[in-house]
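Enquirer: Sequence:
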Amino acid sequence: MNNLLPNQQLNLDSQFSNADSHFQIGDLSTAESECRKILQEDKSNSPALALLGMVAYKTGHNQQALSLIRSAIKLEPQEAKYYFELGLIFHSLKKTDDEISSYRKALDIKKDYLPALVNLANLLITYGRADEVENLCNRAIEVDRHQPQIYNNLGQLYLQRGDLYSSMTHFKKALKIQPGCTETANNLGVTFQLMGDIDRAIQLFSKALELDSNSELAKRNMSIAILNSPVWKGNNRFNLLKSFNQDLNQEKTRKYKFSASILKSKPKLKIGYISSDFHNHPVGKNLYPLISQHDRSKFEIYLYSCAEKQDELTLSFREKCDIFREISDKTLPAVADVIYSDQVDIIVYLAGRFNQNKSQIAAYRPAPIQISFHDCATSGIQEMDYWLTDNYLHPINTEEFSTEKLYRLKQFYQFSKPKFCPRIVNSPFEYNDYVTFGSFCKPEKINDDVLKVWAQLLHKIDNSKIMLKYKNYYDYELKKRWLKKFKNHGISPDRVILLAHNSTDPDHLAFYNQIDIALDPFPFNGATSTFESLLMGVPVISLNGETFVSRVSSTILKQCQQDKFVCDGYDNYIFNAIKASQLIKKGLIKRENIRQMLLSSPLLNHKEYAKQVEAAYLDMWKNLTLKLK
Numbered sequence: 004m005n006n007l008l009p010n011q012q013l014n015l016d017s018q019f020s021n022a023d024s025h026f027q028i029g030d031l032s033t034a035e036s037e038c039r040k041i042l043q044e045d046k047s048n049s050p051a052l053a054l055l056g057m058v059a060y061k062t063g064h065n066q067q068a069l070s071l072i073r074s075a076i077k078l079e080p081q082e083a084k085y086y087f088e089l090g091l092i093f094h095s096l097k098k099t100d101d102e103i104s105s106y107r108k109a110l111d112i113k114k115d116y117l118p119a120l121v122n123l124a125n126l127l128i129t130y131g132r133a134d135e136v137e138n139l140c141n142r143a144i145e146v147d148r149h150q151p152q153i154y155n156n157l158g159q160l161y162l163q164r165g166d167l168y169s170s171m172t173h174f175k176k177a178l179k180i181q182p183g184c185t186e187t188a189n190n191l192g193v194t195f196q197l198m199g200d201i202d203r204a205i206q207l208f209s210k211a212l213e214l215d216s217n218s219e220l221a222k223r224n225m226s227i228a229i230l231n232s233p234v235w236k237g238n239n240r241f242n243l244l245k246s247f248n249q250d251l252n253q254e255k256t257r258k259y260k261f262s263a264s265i266l267k268s269k270p271k272l273k274i275g276y277i278s279s280d281f282h283n284h285p286v287g288k289n290l291y292p293l294i295s296q297h298d299r300s301k302f303e304i305y306l307y308s309c310a311e312k313q314d315e316l317t318l319s320f321r322e323k324c325d326i327f328r329e330i331s332d333k334t335l336p337a338v339a340d341v342i343y344s345d346q347v348d349i350i351v352y353l354a355g356r357f358n359q360n361k362s363q364i365a366a367y368r369p370a371p372i373q374i375s376f377h378d379c380a381t382s383g384i385q386e387m388d389y390w391l392t393d394n395y396l397h398p399i400n401t402e403e404f405s406t407e408k409l410y411r412l413k414q415f416y417q418f419s420k421p422k423f424c425p426r427i428v429n430s431p432f433e434y435n436d437y438v439t440f441g442s443f444c445k446p447e448k449i450n451d452d453v454l455k456v457w458a459q460l461l462h463k464i465d466n467s468k469i470m471l472k473y474k475n476y477y478d479y480e481l482k483k484r485w486l487k488k489f490k491n492h493g494i495s496p497d498r499v500i501l502l503a504h505n506s507t508d509p510d511h512l513a514f515y516n517q518i519d520i521a522l523d524p525f526p527f528n529g530a531t532s533t534f535e536s537l538l539m540g541v542p543v544i545s546l547n548g549e550t551f552v553s554r555v556s557s558t559i560l561k562q563c564q565q566d567k568f569v570c571d572g573y574d575n576y577i578f579n580a581i582k583a584s585q586l587i588k589k590g591l592i593k594r595e596n597i598r599q600m601l602l603s604s605p606l607l608n609h610k611e612y613a614k615q616v617e618a619a620y621l622d623m624w625k626n627l628t629l630k631l632k
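The number in my numbering is simply the position in the sequence shown, starting from 1, with 3 added.
Source of the hints: derived by calculation from the structure; they are not laboratory data.
Ideal Cβ positions, reconstructed from N, Cα and C, are used throughout, including at glycine.
Mixed in with the good hints there might be a few duds.
Cβ pair distances, simulated, as ranges [unchecked claim]:
#1 Asn238 x Val146: 26 to 32 Å
#2 Glu145 x Gln346: 56 to 62 Å
#3 Glu329 x Thr628: 28 to 34 Å
#4 Lys301 x Tyr437: 19 to 25 Å
#5 Ser319 x His504: 41 to 47 Å
#6 Asn466 x His504: 53 to 59 Å
#7 Ser104 x Gln313: 21 to 27 Å
#8 Glu219 x Glu145: 46 to 52 Å
#9 Asp571 x Leu621: 32 to 38 Å
#10 Arg164 x Asp497: 25 to 31 Å
#11 Asp497 x Lys301: 42 to 48 Å
Simulated crosslink set (DSSO-like; lysine-lysine; CA at most 27 Å straight-line) [unchecked claim]:
#12 Lys271 x Lys258
#13 Lys258 x Lys593
#14 Lys610 x Lys271
#15 Lys260 x Lys245
#16 Lys420 x Lys593
#17 Lys312 x Lys98
#18 Lys413 x Lys455
#19 Lys84 x Lys413
#20 Lys288 x Lys323
#21 Lys108 x Lys422
#22 Lys323 x Lys260
#23 Lys610 x Lys630
#24 Lys97 x Lys333
#25 Lys422 x Lys561
#26 Lys408 x Lys301
#27 Lys632 x Lys301
#28 Lys445 x Lys455
#29 Lys413 x Lys625
#30 Lys236 x Lys46
#31 Lys625 x Lys490
#32 Lys408 x Lys420
#33 Lys97 x Lys46
#34 Lys245 x Lys176
#35 Lys176 x Lys408
#36 Lys413 x Lys561
#37 Lys455 x Lys582
#38 Lys488 x Lys267
#39 Lys610 x Lys561
#40 Lys273 x Lys260
The task is simple: from the sequences and hints, build the whole structure.
Expert: Structure representation (structure tokens):
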């Protein structure tokens, strides 16, 4: 019960206004001090309690913040703002269900409360609740049509649906309202990337980094984009990639140091793998044979998962390791603490710049030996000791483009045969009477140079066609864009087949029966698509380039004795594609033979591969032993 005199209340209201003003400009200490003065006079002042709670939230004291906000709610249960603030704290604590409930409660009290409308929509996007998100955004527009986050939310929703042009429209609208928003610039860049417009994507990722040079998401996206670009080469590419982790390459970052004491006799080496891909994902499927074949008499296996997604393959990973830890809710230093506490001897960072992976943990040095594995370029982190590769992916003259020491295996990749594999049919040329080229890679890999070479190839082979397949090709505007790009190179629309299909593996693989020859993009080759092509007996034309990602198909094809179609230069690429088409027409390429070469190759000898990797780990440990003695 408020027993304050009117003058006292007016004075406290003025004090609170002053405290709130300081909070808004980031002067948290003054805001806290003013709130405590208010509470000395009035212990039940709910605005002061709530604002003090937000100060605690801003300074990372989430449990204290929860307690204070809940106290404010107890005093004033019909204040929508307090439930919204409660949602912010739950977001920081990664308690998603509680966060959703808090925003819903705020909207129950005040249905047009804009912050809750915006945040709830943003949260529900990841859950695929399209209708509800759209409803929330429309309600928010009625309240304030000039709120950029509304259009950012709609852009993300349409991006999730695969409606790239609608997504682009909304991101552009958000960026027009708020030109300095890093998130929106990055999101728009992703949209152009998915459309295959790498140049525009790079421009927008650059803009995002200009706005916020510490944006990890923008760094990650920019890294992948320049690897897809034929423009970025050599030292320019290497220096940019290295610069993204420049802040991590400080002595103060290195949290742990190891001495000769670690070399005490060990019955087993502890090997840790950290990844967001311990599920049905290309990296996960490539890694599982290794994990399943590890010699458990010599090694203990620790898996650190930084993704919330789990499936049947995740369960298999759990069964094949000694320890499985969920780390998605932890900060980088906290994860480093966990790895160090586990006394892991060798930590392996998988696909460092993809998905939710956390290769930056390497800067803290939580293990004596640190390895980059399945990343597509140098980590740029000085504390990363090795980069696993092979002689095809990294010829001897590529040392200068890596901050890590290159450790070459006999072979890099492994392939897991799917449980269900479609029957191979004869080459479609036999019933079409024309050659069908195909690529089932992401559009972002099909840059202007690739398109130009493919168009030249089509011009040289009468009546030939090309089939491109990706999940977004149902979009009318996107299809129109690709047909126009081919038309600009003199290729009529009737020679371009665009398929949209996002199906299960067997259905997806069956589409390879509709193409005669697979065309590998460049400079960022296919990996999964190359495996799939060979499994379905389809020959692959690939260009051997100067980077790891431009030699992925080369190493796969060489291991399968299919390197006769590995090319050097654009002219050779066209020449080999023509040669392959001639062999197809003469019936001299047997699809079943290609499949068998894959299945009998070292790529499926999982036991031998595990021995190679383990020998590498033991060699690295031996080298460390010699160094520390």
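Enquirer: Flag every earlier hint the structure violates by its number, smallest first.
Expert: As far as the earlier hints go, 1, 4, 5, 6, 8, 11, 13, 18, 19, 21, 22, 23, 30, 31, 32, 33, 34, 35, 38 are violated by this structure, in ascending order.
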